[in-house]
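Visitor: Sequence:
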Amino acid sequence: MTKLRLRRRSNMQACLALGSALLAGSAFGQDQENPRPADPGWTAVIAGAPPSMTPEAFKEAVLADLPPELYDRNTNFTRHESYREDAEYKLVMVFHGANDIPPTDQLCTVDPANTEEVETTQPQLDNIMESTGVTAAFCEDGKALSTATDKVTGQATPGQLAFRFLVGDVVKQLFPDGFSVMPRPVTRTVIPAR
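Numbering (this note's numbering), first residue to last: 1 to 194.
Among the hints, erroneous ones may be present.
Here are the in silico distance ranges between beta carbons for each label pair [claimed, not checked]:
id	residue 1	residue 2	range
1	Thr157	Glu88	27 to 35 Å
2	Glu88	Glu130	20 to 28 Å
3	Glu56	Ala87	22 to 30 Å
4	Gln160	Glu85	32 to 40 Å
5	Glu81	Thr153	34 to 42 Å
6	Thr43	Gln155	27 to 35 Å
What the hints contain is simulated information worked out from the structure, not anything from laboratory work. By construction, the Cβ of each residue, glycine as well, lies at the ideal position given by its N, Cα and C atoms.
Build out the structure end to end from the sequences listed, making use of the hints.
Guide: Right under this line is the structure:
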């Protein structure tokens, strides 16, 4: 009887150790063996960190929830015929209060080193009674190729499923044809009156 208990305890400890190792290696969806590349072909600009996190930690949490295909130069838009090596591409995401949407035409001019210049209310990610909005743009040389907005009501802090869905939904809006296709800028067609 004692040997059986020891085996069970040893098996349980081994399972817990394996589970902890797997969680540590995949915190926020990251794989330790396959870290994000240094140059995926674009720069991320993340603004609107909640008061409970530093801007750097918040940015890292958001980037960890982006689809891995967006980082892979073998599968992302950098293989598309519209991609230009000499262009500057930015993925800008601004988290804000649900009713304090920043102008999308100004997102592409945000300096990655100075995200504080985006004037918006801080999101209340841990407040179950509030809504958090995200406004995003994918930019080429300071001009938006695509924009997106979304919001979630209730608690949605980094690491939670609601937060991952919010980030994922916005990024899918930015790349409606898939991550391997360069988004096309929205153009308005003027139909002449007859």
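Visitor: List, from low to high, the hint numbers that the structure doesn't satisfy.
Guide: Of the numbered hints, just 2 does not hold.
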